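Novice: Each chain is listed here by its residues.
Number of protein chains: 2
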Amino acid sequence: MENEILFRQAEAKDLDKIVKMLADDPLGKTRENYRHPLPKQYIKAFEAIQSDPNNELMVATLEGDIIGVLQITFTPYITHQGGWRATIEGVRTDESVRGKGIGTKMITWAIERAKSRNCHLVQLTTDKSRTDALRFYENLGFKATHEGLKLKLNRR
Amino acid sequence: MENEILFRQAEAKDLDKIVKMLADDPLGKTRENYRHPLPKQYIKAFEAIQSDPNNELMVATLEGDIIGVLQITFTPYITHQGGWRATIEGVRTDESVRGKGIGTKMITWAIERAKSRNCHLVQLTTDKSRTDALRFYENLGFKATHEGLKLKLNRR
Chain A
0 MENEILFRQA EAKDLDKIVK MLADDPLGKT RENYRHPLPK QYIKAFEAIQ
50 SDPNNELMVA TLEGDIIGVL QITFTPYITH QGGWRATIEG VRTDESVRGK
100 GIGTKMITWA IERAKSRNCH LVQLTTDKSR TDALRFYENL GFKATHEGLK
150 LKLNRR
Chain B
0 MENEILFRQA EAKDLDKIVK MLADDPLGKT RENYRHPLPK QYIKAFEAIQ
50 SDPNNELMVA TLEGDIIGVL QITFTPYITH QGGWRATIEG VRTDESVRGK
100 GIGTKMITWA IERAKSRNCH LVQLTTDKSR TDALRFYENL GFKATHEGLK
150 LKLNRR
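Residue numbers (numbering that gives the first Met the number 0), protein chains in the order written: chain A, 0 to 155; chain B, 0 to 155.
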C-alpha cells in the first residue's frame, strides 16, 4: 500500500511541530524562537488564524506525522473586477522528506484550494536569497512579474 | 486656511469613484471594467471587504472629494514569532492630484495604521514595469528584498 500524503487544517496539537519546522531553515532560524513551552505569541497567532474564515493554516501528513506546513490567506480586492486572491506564506517541509516532491504536492494542493475559493490569482513572495525556491515556483507556473517590498516596523 | 487631506473608511457611495481611479492607470485599464451601472462583482467585493475586520478600504479626501484609495489587509502569521503583517494593495490617486505628494501621505498614513494594529511588517508588491512606483516605495524605506510571484487561475 502506497503511503499517502494527506492535507488538513492544523490543530493546536500540531503547533509545536509547525514552529520547529519554521525554525529549521536558514532564514527561519534567525527569526523564530522554538523552545518549550512554546512562546505565547505563537499560540495567539494560531488562535487568530483559526478564528478567521479567510486564513487557513494547513499541514501535510504522512502516516500521521506532520511533514509540511503552509498558510493561505484569501483576500477580497476591488482590483481585477472585484477578484479574490490567495496568498501563500510560511511554506516549510520537514528536513526528513526534503527533495521528495512534497513541496510540489503542497503547492498544487494550495492552488486547488484557491480555485475552490474562486480566486483568480495565487501569489506569494520569496526572499531573493532563496534562489532554489524561485526556480521551484517558476517550475510550477508562477511568474516573477513583481517586486516584493517589505518595510520593517519597530514592535511596540 | 490650508486644504487638508483626510482619510476614512470607504463607503458604498465612494465605490464608483474608486473603480474609476483604478481603471485610470496603464495596467488598470486593461483589467478593470468601469461602466454604469457598476458591474455587480465590484459591489460584492466591496461588501466582502467591509464585513472583514482584517480588511480596510481607505480613501483620501480633499474638500470632500475622493482623491486616493488603498486597501490594507491585516494578516496573522505563525512566522516571525506569530507576527501580524499589513499588506497594501490597489493604491491609486486621482490624476488631478498626481505629483503633489498625496501618495506619500497615503502610504505614511497606512504605515501608522499598521503600527496601530501591532504589525511588525508592511508589505506590498509592485509590477516590475512600474519603475516609478518602485523608486517611490524605496524612498519611503521599503526594501525590494523579495520576488513577487503570481500565478493566474482560470476563473470558473
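Watch out, some of these pointers could steer you wrong.
No distinction is drawn between identical chains; accordingly, a pair holds when it is met within one copy or between any pair of copies.
To be verified - Each computed SDA-like pair below joins lysine to any residue, with the alpha-carbon atoms no more than 20 angstroms apart:
1. 151 <-> 6
2. 19 <-> 96
3. 12 <-> 61
4. 127 <-> 15
5. 28 <-> 139
6. 39 <-> 94
7. 39 <-> 6
8. 16 <-> 49
9. 127 <-> 140
10. 43 <-> 63
11. 43 <-> 108
12. 114 <-> 57
13. 127 <-> 107
14. 39 <-> 14
15. 28 <-> 132
16. 127 <-> 143
17. 127 <-> 144
18. 149 <-> 26
19. 16 <-> 80
20. 104 <-> 3
21. 39 <-> 132
22. 151 <-> 115
No lab work stands behind these hints: they were computed from the structure. Note that the coordinates shown come from a computational prediction; the quantities given were computed from them, not determined experimentally.
Novice: Please go over all the hints and tell whether each is borne out by the structure.
Specialist: Now the hints, each set against the structure:
Proximity of residue 151 to residue 6 under the C-alpha cut-off of 20 angstroms is found in neither arrangement, the shortest distances being 32 angstroms within a copy and 23 angstroms between copies. Proximity of residue 19 to residue 96 under the C-alpha cut-off of 20 angstroms is restricted to the intra-copy arrangement: shortest distance 15 angstroms within a copy versus 50 angstroms between copies. Taking identical chains as interchangeable, the C-alpha atoms of residue 12 and residue 61 lie at most 20 angstroms apart only when both belong to the same chain, with a minimum of 16 angstroms there against 51 angstroms between chains. When the C-alpha separation of residue 127 and residue 15 is checked against a cutoff of 20 angstroms, the pair qualifies neither within a copy, at 28 angstroms, nor between copies, at 38 angstroms.
In this assembly of identical chains, the alpha carbons of residue 28 and residue 139 never lie at most 20 angstroms apart, being 27 angstroms within a copy and 28 angstroms across copies at closest. Taking identical chains as interchangeable, the C-alpha atoms of residue 39 and residue 94 are never at most 20 angstroms apart, the minima being 25 angstroms within one chain and 47 angstroms between chains. For the identical chains of this complex, residue 39 and residue 6 are neighbours neither inside a copy (26 angstroms) nor across copies (35 angstroms), given an alpha-carbon limit of 20 angstroms. In the homo-oligomer, the alpha carbons of residue 16 and residue 49 lie at most 20 angstroms apart inside one protomer (17 angstroms), although the nearest pairing across protomers, at 35 angstroms, exceeds that limit.
Within a single copy, residue 127 and residue 140 get their C-alpha atoms as close as 18 angstroms, and across copies as close as 18 angstroms, so both meet the 20 angstroms cut-off. Neither within a single protomer nor between protomers do residue 43 and residue 63 lie at most 20 angstroms apart by alpha-carbon distance, with minima of 25 angstroms and 40 angstroms respectively. With identical chains, the CA atoms of residue 43 and residue 108 are never at most 20 angstroms apart, being 26 angstroms at best within one copy and 27 angstroms at best between copies. Taking the shortest Cα distances, residue 114 and residue 57 sit within 20 angstroms of each other inside one copy (16 angstroms), while across copies they are farther apart (28 angstroms).
When the C-alpha separation of residue 127 and residue 107 is checked against a cutoff of 20 angstroms, the pair qualifies neither within a copy, at 22 angstroms, nor between copies, at 26 angstroms. Taking the closest pair of Cα atoms, residue 39 and residue 14 come within 20 angstroms of each other only inside a single copy of the chain (11 angstroms); across copies the shortest separation is 41 angstroms, beyond that limit. Within a single copy, residue 28 and residue 132 get their C-alpha atoms as close as 17 angstroms, which meets the 20 angstroms cut-off; across copies the closest is 32 angstroms, which misses it. Taking the closest pair of Cα atoms, residue 127 and residue 143 come within 20 angstroms of each other both inside a single copy (11 angstroms) and across two copies (9 angstroms).
Taking CA atoms no more than 20 angstroms apart as the test, residue 127 paired with residue 144 passes in both settings, with 13 angstroms inside one copy and 6 angstroms between copies. In this assembly of identical chains, residue 149 and residue 26 lie within 20 angstroms of each other by CA distance solely inside one copy; the values are 15 angstroms within and 22 angstroms between copies. Proximity of residue 16 to residue 80 under the C-alpha cut-off of 20 angstroms is restricted to the inter-copy arrangement: shortest distance 14 angstroms between copies versus 40 angstroms within a copy. Taking identical chains as interchangeable, the C-alpha atoms of residue 104 and residue 3 lie at most 20 angstroms apart only when both belong to the same chain, with a minimum of 11 angstroms there against 52 angstroms between chains.
Taking identical chains as interchangeable, the C-alpha atoms of residue 39 and residue 132 are never at most 20 angstroms apart, the minima being 30 angstroms within one chain and 38 angstroms between chains. In this homomeric assembly, residue 151 and residue 115 come within 20 angstroms of each other (Cα to Cα) only across copies, at 14 angstroms, whereas the closest approach inside a single copy is 33 angstroms.
Of the numbered hints given earlier, the model fails hints 1, 4, 5, 6, 7, 10, 11, 13 and 21; all others are met.
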